[in-house]
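There are 2 protein chains.
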Amino acid sequence: MPLEPTTFLLPEDAIPTHWVNIAADLPGDPPPPPLSPRTGEPAGPDDLTPIFPMGLIQQEVSAEPDIAIPDAVRDAYQLWRPTPLRRARRLEEALGTPARIYYKWEGVSPAGSHKPNTAVAQAYENAEAGVMKLVTETGAGQWGSSLAFACSLFGMECEVFMVGSSYDQKPYRRSMMQTWGATVHRSPSDLTESGRANAQHPTGSLGIAISEAVEIAAQSPDTNYALGSVLNHVLLHQTVIGIEALAQMEMAGDRPDVVIGCVGGGSNFGGITFPFLREKLRGDRELRFVAAEPAACPTLTRGAYRYDFGDTAGLTPLMPMYTLGHDFVPPPVHAGGLRYHGDSPLVCALVKAGLVEARAYRQNETFEAAIRFARSEGIIPAPEPAHAIRAVIEEADAATEAGEERVILFNLCGHGHFDLSAYDAYLAGTLEDPEFSEDDMEAALARLPEAPALT
Amino acid sequence: MPLEPTTFLLPEDAIPTHWVNIAADLPGDPPPPPLSPRTGEPAGPDDLTPIFPMGLIQQEVSAEPDIAIPDAVRDAYQLWRPTPLRRARRLEEALGTPARIYYKWEGVSPAGSHKPNTAVAQAYENAEAGVMKLVTETGAGQWGSSLAFACSLFGMECEVFMVGSSYDQKPYRRSMMQTWGATVHRSPSDLTESGRANAQHPTGSLGIAISEAVEIAAQSPDTNYALGSVLNHVLLHQTVIGIEALAQMEMAGDRPDVVIGCVGGGSNFGGITFPFLREKLRGDRELRFVAAEPAACPTLTRGAYRYDFGDTAGLTPLMPMYTLGHDFVPPPVHAGGLRYHGDSPLVCALVKAGLVEARAYRQNETFEAAIRFARSEGIIPAPEPAHAIRAVIEEADAATEAGEERVILFNLCGHGHFDLSAYDAYLAGTLEDPEFSEDDMEAALARLPEAPALT
Chain A
2 MPLEPTTFLL
12 PEDAIPTHWV
22 NIAADLPGDP
32 PPPPLSPRTG
42 EPAGPDDLTP
52 IFPMGLIQQE
62 VSAEPDIAIP
72 DAVRDAYQLW
82 RPTPLRRARR
92 LEEALGTPAR
102 IYYKWEGVSP
112 AGSHKPNTAV
122 AQAYENAEAG
132 VMKLVTETGA
142 GQWGSSLAFA
152 CSLFGMECEV
162 FMVGSSYDQK
172 PYRRSMMQTW
182 GATVHRSPSD
192 LTESGRANAQ
202 HPTGSLGIAI
212 SEAVEIAAQS
222 PDTNYALGSV
232 LNHVLLHQTV
242 IGIEALAQME
252 MAGDRPDVVI
262 GCVGGGSNFG
272 GITFPFLREK
282 LRGDRELRFV
292 AAEPAACPTL
302 TRGAYRYDFG
312 DTAGLTPLMP
322 MYTLGHDFVP
332 PPVHAGGLRY
342 HGDSPLVCAL
352 VKAGLVEARA
362 YRQNETFEAA
372 IRFARSEGII
382 PAPEPAHAIR
392 AVIEEADAAT
402 EAGEERVILF
412 NLCGHGHFDL
422 SAYDAYLAGT
432 LEDPEFSEDD
442 MEAALARLPE
452 APALT
Chain B
2 MPLEPTTFLL
12 PEDAIPTHWV
22 NIAADLPGDP
32 PPPPLSPRTG
42 EPAGPDDLTP
52 IFPMGLIQQE
62 VSAEPDIAIP
72 DAVRDAYQLW
82 RPTPLRRARR
92 LEEALGTPAR
102 IYYKWEGVSP
112 AGSHKPNTAV
122 AQAYENAEAG
132 VMKLVTETGA
142 GQWGSSLAFA
152 CSLFGMECEV
162 FMVGSSYDQK
172 PYRRSMMQTW
182 GATVHRSPSD
192 LTESGRANAQ
202 HPTGSLGIAI
212 SEAVEIAAQS
222 PDTNYALGSV
232 LNHVLLHQTV
242 IGIEALAQME
252 MAGDRPDVVI
262 GCVGGGSNFG
272 GITFPFLREK
282 LRGDRELRFV
292 AAEPAACPTL
302 TRGAYRYDFG
312 DTAGLTPLMP
322 MYTLGHDFVP
332 PPVHAGGLRY
342 HGDSPLVCAL
352 VKAGLVEARA
362 YRQNETFEAA
372 IRFARSEGII
382 PAPEPAHAIR
392 AVIEEADAAT
402 EAGEERVILF
412 NLCGHGHFDL
422 SAYDAYLAGT
432 LEDPEFSEDD
442 MEAALARLPE
452 APALT
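Chains as they are written, first to last, in the numbering used here: chain A, 2 to 456; chain B, 2 to 456.
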């Protein structure tokens, strides 16, 4: 009996040659610029050159619709790209839906998520600029391990400040970084002023870890900083996901009615959606986009659209985005990659423009969805894409109710091999379902820096 | 610049339609039969029907060279097969070798290793026979999680007895099994006579866990037992690895001079090598096979070729194999999947016949090889295939010395995401390098059951 087509694979020469720069196709006025934290004026390259190489700064501000991917980056992508696109036939069957569900599977990278798509691009541009070492922060460890992997490919040193509580709870992520040759510090450390000044917060925070990494990077001309989400160039690098998915949906002979991704800083969401969004913007194709975020940190659904700092300490440029306040501390949900007070300015502008719908989900309902997925499709998802799966199931149920054969595409951005203690807690019925505190947000919003209003 | 071909992917309709039954092509006399533990006579179906379905027993004893893969099993294989074949260009470069190194990457399965290749085939045959539940043992957890995954696909219950020390040390493997819906017991348990009789050994052993699982399976007609290696039908199922690799090496335009795999019970080694071995046996193709095992448990390199039990307690048929003695307890190396006193009778017969070379490696040198691999190819290997990588580097170095462009193929049978504490120990310089005890082996061999001599 012939097999029903389920997996859609591209040959390796289909690894994209260009990234999609959605900024070039956005309708209406250009998005408001980031502002220098020193002057309050639009931030220029001078605000960025101490910690980023010019190649990345040019990508950050480019108005070109397509940006060439360097050969060395495509060569590194060959280690895991193109990634598979799969039809979730067994999940469809389990849901009893007429919808056809597809997912792009980014967990096949060595680090286990989509993060290496930008890590290798950033390591390459820094290596080209003669930078010998990259420094970064990491929370749960996905980003830190991706950068450690990327630096090992380009012969660079890598130093990671890992949030103290994660350093203690996720020793395997730390081992992974060390296996690729990186040096990992527990943050707050006594290696930096920012670390020593925060010794009274022994569990650390992403904000403190960023400050430590930026401080180290700013001290030395051959050391730079790298960020794993939020910025335009990071989302740009991630568009390889959506470019491949466009070709793979064509192989499958299907066109999505809705494209879904989870959102923390916005990089996997931008990666899967921007190439499809450009198709929509250039044609009159009917196509919806859904951003799934945690109810414990509901930036897009409950935040204010304001200028705010990207980090807790207030060292970064002010960015125009939905924010819960840069010193808002989200409850400790397991989807560590989604615990961010703000979001990519590009994604925020799209939500503001009504081009992207945002939905927030409680922790337990996302794990329920993840286990349903694992028991039908096999793969155990990371807690972050479990939010996307929750939204997929909602969309499939809506298709069932409407009796319509809708086509759903989502990005399965990583596996949950380092998150199994959370599954344990869910199965034992002891997983917490923390609520968002509106009071905390209001207080944090009252502490926003002065800046022009956004409309 | 065009990319250099690196990854060789097959379309999903290239998922094999038949398994390769190497027994049909072996030269010389047929291999000696297993013997019933009750009668000492050749074991018949009656020795197996209480715990295995007839479909698997027929595969176990078949003389057909090609055995059809059921549609439902091919359909389940679609969840991760065909797996990639990759050329390790970056490793070649790091080694400075003229050798071309290829690896088959089996870690893309949901459970992270090659084990699901046989788990889904076994679950299917049992489901077809009306069996509602499978019971098994697991050490480090690779096999238990693969069977849990397979049972979830066929709507069967799954019960796993996990060796006590692993149950305590590897809680994530347990969580993985539970996520797929399995029930996991710490062995020795108080659920079985064998468990209660061994309450004085709280850390448990594979032998005790097998006895517990077999005891449960034998009690109920709708419950069967499943084994993850050693038996003919298990190696048969794994030949999908080598069948795909044959086609992929052809895509690459290369022919291996040597095929390498690690050996514990023999299933991943048989899986990658048997289809190539059949080519060799049917033609006069020059081709070597290397089996890599731990020096701490050197069954093929130091064991005696004798009839011995497959389990510690002496419940299984007597099998003709290299053995260190069924109650030999190997030192606790991290490659848990290679800590087996015996080996697949098929693989043993091939070593005996001089068709397979065996080599033993110390734990630390295998981790050194694994880290070299991780830092060039990205993937962090499980400790078991790290033994194969050690052999690959030896073969590549030999090619360098000879100045020859040899082609090396090996099976990368799983990732090391659940073994990172071992990497930690290696990097910290605290990884033990336990020695094999010849005295313990001699004592264990003196306790072998009475049985005809093997020649």
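These aren't lab readings, by the way, just hints derived from the structure by calculation.
Any given hint could be a false lead.
Unchecked claim - Pair by pair, the computed Cβ-Cβ distance ranges are:
no., chain 1, residue 1, chain 2, residue 2, range
1, A, M133, B, E94, 16 to 22 Å
2, B, S422, A, P333, 44 to 50 Å
3, A, A25, B, A403, 39 to 45 Å
4, B, A25, A, R283, 35 to 41 Å
What the hints assert, rightly or not - A partial selection of chain A residues facing chain B, derived with a Cβ cut-off under 10 Å:
no., residue
5, I16
6, H19
7, P38
8, G41
9, Y78
10, R82
11, R283
12, G284
13, R286
14, F419
15, Y427
16, G430
17, T431
Quick reminder that beta carbons are idealized off the backbone N, C-alpha and C, glycines included.
Here is what the structure says about each hint:
About 20 Å separates the C-beta atoms of A:M133 and B:E94, a value consistent with the hinted range of 16 to 22 Å. Hint check: B:S422 to A:P333, Cβ distance near 24 Å, so the stated range 44 to 50 Å is violated. Distance hint for A:A25 and B:A403: a CB-CB separation of about 55 Å, inconsistent with the stated range 39 to 45 Å. Remark: the range hint 35 to 41 Å for B:A25 to A:R283 is contradicted by a beta-carbon distance near 59 Å.
Hint on A:I16 holds. Least Cβ distance to chain B is approximately 7 Å, under the 10 Å limit. At about 14 Å, the closest approach between the beta carbon of A:H19 and any beta carbon in chain B exceeds 10 Å, and the interface hint on this residue is violated. Hint status for A:P38: violated, given a least beta-carbon distance of 37 Å to chain B, over 10 Å. The beta carbon of A:G41 is not positioned within 10 Å of any beta carbon in chain B (closest approach about 43 Å), and the interface hint is therefore violated.
Interface restraint check: A:Y78 against chain B, minimum CB-CB distance 9 Å, threshold 10 Å, status holds. Restraint check, A:R82 versus chain B: the minimum CB separation of about 9 Å is within 10 Å; hint holds. At its closest, the beta carbon of A:R283 sits 28 Å from a beta carbon of chain B; the interface hint therefore is violated under the 10 Å criterion. Given the 10 Å rule on beta carbons, the hint for A:G284 is violated: about 30 Å separates it from the nearest Cβ of chain B.
Given the 10 Å rule on beta carbons, the hint for A:R286 is violated: about 28 Å separates it from the nearest Cβ of chain B. Taken as an interface hint, A:F419 checks out: its beta carbon lies about 7 Å from the nearest beta carbon of chain B, inside 10 Å. The beta carbon of A:Y427 is positioned within 10 Å of a beta carbon in chain B (closest approach about 9 Å), and the interface hint is therefore held. The closest approach between the C-beta of A:G430 and any C-beta of chain B is roughly 12 Å, which is over the 10 Å cut-off, so the hint fails.
Below 10 Å, beta-carbon pairs count as interface contacts, and A:T431 has none with chain B, the closest being about 13 Å; its hint is therefore violated.
Hint check: violations occur at hints 2, 3, 4, 6, 7, 8, 11, 12, 13, 16 and 17; the rest are consistent with the structure.
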